[in-house]
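Asks: Sequential numbering of the sequence shown, starting at 1, is according to my numbering.
Possibly wrong hints are sitting among the right ones.
Unchecked claim - Here are the simulated DMTMM-like cross-link-like pairs (lysine to aspartate or glutamate), alpha carbons at most 25 Å apart as the crow flies:
#	residue 1	residue 2
1	K33	E23
2	K52	E23
3	K59	E30
4	K52	E34
5	K33	D50
6	K59	E23
7	K59	E34
8	K52	E30
9	K59	D24
10	K52	D24
Hints listed in this document are in silico derivations from the structure and should not be mistaken for laboratory results.
Remember, predicted model here, so these are calculated numbers, not experimental data.
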Amino acid sequence: MNNTDHIDGRRRLELLQGAVMPEDFPQRLERLKEASGLSWRGLARSIGIDYKLMRRWRKGAAPSGGSMLSLFLFANRIGCLHILLGEGLQMTLFRS
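With the hints as constraints, model all of the structure from the sequences given.
Replies: Put into structure tokens, the structure is as follows:
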């Protein structure tokens, strides 16, 4: 079942309900940080989350709701969505 979230009233992001982050999510997050050139605090700030939440993600907690959306949008903005999604998976941003 698909869920569509509206972003800025102009774009949508198709997300699968009940999506599960890969087991290696903390390692993918590390690669995203390296690709961004940001510190952990800078990455959290760029995503728009509290640094404490970033620490929980680094320990294996999966993002959810708006924080997951913000993470994917950030990764997409810097051209690194593939790091989070892995090979063969894609997320489509489109204008409505």
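Asks: If a hint holds in the structure, say so; if it does not, say that too.
Replies: Hints, verified against the model:
1. K33 - E23: holds (17 Å)
2. K52 - E23: Satisfied, since the Cα-Cα distance of roughly 20 Å is no more than 25 Å.
3. K59 - E30: holds (11 Å)
4. K52 - E34: holds (19 Å)
5. K33 - D50: holds (15 Å)
6. K59 - E23: This hinted pair holds, its Cα atoms lying about 11 Å apart.
7. K59 - E34: holds (17 Å)
8. K52 - E30: holds (16 Å)
9. K59 - D24: Satisfied, since the Cα-Cα distance of roughly 11 Å is no more than 25 Å.
10. K52 - D24: With a Cα-Cα distance of about 20 Å, the restraint between K52 and D24 holds, given a limit of 25 Å.
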